[in-house]
Amino acid sequence: MKTSRLGRASELPMVLLLVLLFAAFSATIPNFVQDSTLSNILNRSVTNGILAVGLTLCLVAGQIDLSMASTLSLSGLIFALLQPQYGMAVGVLAGLLAGVLVGALNALLVTVVRVQPFIATLGTLLLVRGAAFIVSSGRPVSGTALAESLAMNRFLVGPISFRVLVLFIVVALGHLILTRTVLGRDLLAIGGSRNAASAAGVPVEFRLTAVYLISGACAGLAGVELAIALMAGSPIIGDTNFLVAAAAAFLGGTALAGGRGSILSTFLAAVALSTLTAGLELSFIGAAYQRILTGVVLLIAVTPFFSGGGFGRLLSSIGQRLQRRHENNTIKS
Amino acid sequence: MTTDSLKPTTTAPTSQVTATLLRRERLKRILSLGPLLLLGLMILAGVLFVPNFATAKNLVRIVQAQSFIGMVAIGMTFVVISGNFVDLSVPVSIACGANFLMLFWDRSIPLALLVGFGVPLCIGLLNGLFVGRWSVNPIVATLGTSMVAGGALFLITGGRYVVARDVWFRVAGRAQPLGIPVAALAFIALLLISQTVLSSTRFGFHVRLVGANKEAARATGIPPIPMAFAAFALSGICAAVAGFFLAGFTNQADLSLGTGYEFDALAAVVVGGTSLNGGVGSFWRTLLGVLVIGVAYNIMLLLGLNTPTQMFMRGTILILAVAIDAVANRR
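Chains A and C supply the protein sequences, listed in that same order. Residue numbering for the first sequence follows my numbering, starting at 341 and increasing by one per position. Residue numbering for the second sequence follows my numbering, starting at 8 and increasing by one per position.
Calculated directly from the structure, the hints in this document are not laboratory data. Every residue gets a Cβ at the ideal spot worked out from N, C-alpha and C, and that includes glycine. Worth double-checking, as some hints may not be accurate.
Pairwise CB distance ranges, derived in the manner of DEER restraints [said to hold, decoys possible]:
id, chain 1, residue 1, chain 2, residue 2, range
1, C, Pro230, A, Arg479, 44 to 54 Å
2, C, Gly311, A, Thr368, 35 to 45 Å
3, C, Thr208, A, Asn535, 32 to 42 Å
Turn these sequences into a full structure, and let the hints steer you where they fit.
Listed below in structure tokens is the structure:
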């Protein structure tokens, strides 16, 4: 069955980018392609990837959730504080609940009070950051869940650990929501034109509430997952993760104005960014350069050439040309 | 923002519409008095209930601390009025200004001025390029430029403290002729110049027009793109000025010198009542906002609230301010 690709960014450019990065690093770093590097790249992508999925769902509806950065920290801290006393289940649930509550506050500000999403979530970003500093007294909190932490990082199949499995599940769910559900269709419609969507009978406020709850839950999940993996929570851990997640979403072709985006493409972009940092680290290039490079990638990804799809078209046309050449060669031989 | 403009207002009786408009107009007028009222209430509460609030020493302390935020807020006001929303790169501009000024001052003052003000200017122009020319969302663009510039600054200074020996820094930061800090005098001078530029020059008029309606401005022959460049460039310069005085005040500069100033400045602008939708606002409102924020922080400090609680309160103040702004400017 041929499904409509309306409003979906193509995944092809990100596949090509990933192939290019792997080719470049395999050429310059000996033994780059091996299980340990692959698991390193995938493990690095987990937190950023989960954030980026929630963020992409916001972005396609023309929204943004800046508070994800500090929500991640708060959820991780809540988990790390509750887990030693009340056990794993309570810790995880409380962390997730914190994320959903922040999402609810964002939804309230955006749909009822009608503050612009950027400013509303900027406010909650500060509020939640303050809350994270209050619950932790500004210090990292270490957990005691050693067995669970090891289990998170244990390999299930090849380079895929339990953490990576969680990421895959979130990506799959996000992809299904965006492509196969009424919610996804409505989000794309709202992002395309809010007035038109509203006129066509889309319950805009209701859908936006749903999307902020989802992004809050994603941030909560990312925070809890990271806290389990690191056996600690920290009030400032989420800031860089969020920037990388945003870079992934924009690089993946999600339009900042809304109406276009693909979860798979975002996921591939997150993996590509992890590949980039992993490769730079293996080439012994320092953290400051990595920060500069992430900023440069973020800025390049939001220029019209990329966000308007020019980059995607360029890479697609290269891909098609390569494919044609390959076909010609096979015909000749 | 304009989602409700499609709702069929014409079907309602005219008298009802007029009544709603009048009520909204009244609400707006009351809310525009809000900051002044709030300031009065806070000062009253401070004088009555907070020990050591109403002393000359404390007054100087408020004025001193707020003049740094105020300088940044002046640049931010240009950005907000011109319809460019927010400049989150000010912390890095402050840090760049302070670090480069201190780094080169002892060697050559012209070089220090050139680099110390040139780099923040370039950050501002880069923001203008992305936001004005390429219509990138201001938050994303200014975060991106600050990541790049912050990383570059880290490479240059290695994250170490930078100190200049020259006495002018200490004069700028600490001297108090007639009991008034030099930084406060500079802030007031900057404020007066900015207000004059905004209210009685062609440039100021264009900034307001572009902020109010970009398409209309374009149609009347005022290009919006140079205004975005100018607004962000002014924001960078103002941040560098704040960085100069701040470096003098703390007697050293490092990477985190400007942390938090973007939110404080934005809160001051919004609390003063300048609309985030652009086009409307004045520097007197910003001054009012700066004072409100200053008195609020000072009271929190005197009451002995710890830093996390203060951060939490800052977030709350910003959210309340933008919520009131959203309600007041609802269409």
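Verification of the hints:
1. At roughly 51 Å, the beta-carbon separation of C:Pro230 and A:Arg479 lies within the given 44 to 54 Å, and the hint holds.
2. Roughly 56 Å separates the CB atoms of C:Gly311 and A:Thr368, a value that falls outside the hinted 35 to 45 Å.
3. For C:Thr208 and A:Asn535, the Cβ-Cβ distance of about 37 Å falls inside the hinted range of 32 to 42 Å, so the restraint holds.
Of the numbered hints given earlier, the model fails hint 2 alone.
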